[in-house]
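With chain Y fixed as given, assemble chain C onto it according to the hints.
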Amino acid sequence: MAWIYLLIAAAFEVVFALSTNATEGFTRLWPSLLTVVTATGGVFFLSLALKTLDVGVGYTIWTGLGSLGALSLGAVIYDEGFGLGKVVSFLAIVGGVISLKLTDRPAPPSADSPAPTPPDTTGTAGTAGAPVAH
Amino acid sequence: MAWTYLFIAAVFEVAFALSTNATKGFTRLWPSITAVATTIVSVYFLSLSLKTLDVSVGYTIWTGLGSLGTVTFGALIYKERITMAKVISFMAIIGGVVGLKLSAGV
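Protein sequences, first through last, are from chains Y and C. If you read the first sequence in the numbering used here, its first letter stands for residue 173, the second for the next number, and so on. If you read the second sequence in the numbering used here, its first letter stands for residue 2, the second for the next number, and so on.
Just chain Y, same shape as in the assembly (with noise of 0.2 Å):
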C-alpha cells in the first residue's frame, strides 16, 4: 500500500512541478493556489507512505517520478517530442525507482518459490575448520 500512496504523491508531484513553474514567484493567484493544493495533497501521501518505507528512499522516488512525469507532460503538451537523451533518462529513472522497489521488500515468506533451496553439496564448506591431515 505504501508504494500506491508513493505514486499518488508523485502524481501531485507532477501538478505541483507544472504548476509552480507559472507562479511566477508567487505573483499569480491561479497557479500559487493550484500550487499549494497539489504541494499539500503531495506531501499527504508522501507521508502515508513514509509510514513504511525509507525516508531516503520515499523521497527520491517522489521527486525522481515527479520530474519524470513533468518533464514529459511538458513535451507532450508543448510538443517538443522525446530525443535519444530523454528517453535514457527516463528509462534511467523507471529503472532506478523498479529497482529500489524490489531491494525495498524485506524477504517475504516464500510461498510462491517453486524449489527449495538444495543443500550444499559443493564440498567446499567446512574446509577452513577442517584438520589438515600430515
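Keep in mind the hints are simulated off the structure, nothing from the lab. Predicted, not measured: the structure shown is a model, and the values here were computed from it. A portion of the hints provided could be inaccurate.
Claimed, not checked - Pairwise CB distance ranges (calculated):
id	chain 1	residue 1	chain 2	residue 2	range
1	Y	L245	C	I41	23 to 31 Å
2	Y	D251	C	L77	43 to 51 Å
3	C	F8	Y	D251	31 to 39 Å
Claimed, not checked - According to the in silico footprint, chain Y covers these stretches of chain C (three or more CB under 8 Å from chain Y):
id	segment
4	19-33
5	43-50
6	59-69
As the list claims (entries may be wrong) - Subject to a maximum C-alpha distance of 25 Å in a straight line, what follows is the list of computed PhoX-like cross-link-like pairs (lysine-lysine):
id	chain 1	residue 1	chain 2	residue 2
7	C	K25	Y	K223
8	C	K80	C	K25
9	C	K25	Y	K273
10	Y	K223	C	K80
11	C	K80	Y	K273
12	Y	K223	Y	K273
Yeah, the Cβ is synthetic: ideal placement off N, Cα and C, and Gly gets one too.
Frame of chain Y; chain C shown alone:
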C-alpha cells in the same frame, strides 16, 4: 543571490523530507507543523531563485540536493540502511532527473 536562495531552498527541502518522515501520516503535531513550515519556506526560496535561474537548472539542483541530503541524513538520523544496490538506484534516478532537464533545456 539566486544561487544562495536555491541553496537555502534545498536545505529546507531536506528538513521538510525528514520532518515529513516523522509525522506518521500527519498524525503527530510538531513534526507536522515543522513539515508544513519548511516546505513553505523551501518553495518560497525556490520561487525566488527561479526569478533569475532557468527552471530546468533550479528545479533539478533543488530536488537533487534534496535527495542527497535526505538519503544522507535519513541514514544518520533514522538509521536507514544504505546498500550498494540502493546507491546505484539513487544515482540512476538523480542522474536521470539531471539528464531529463539537460535534454529538455537544449
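Can you name, in rising order, the numbers of the hints this structure does not satisfy?
Failing hints: none at all.
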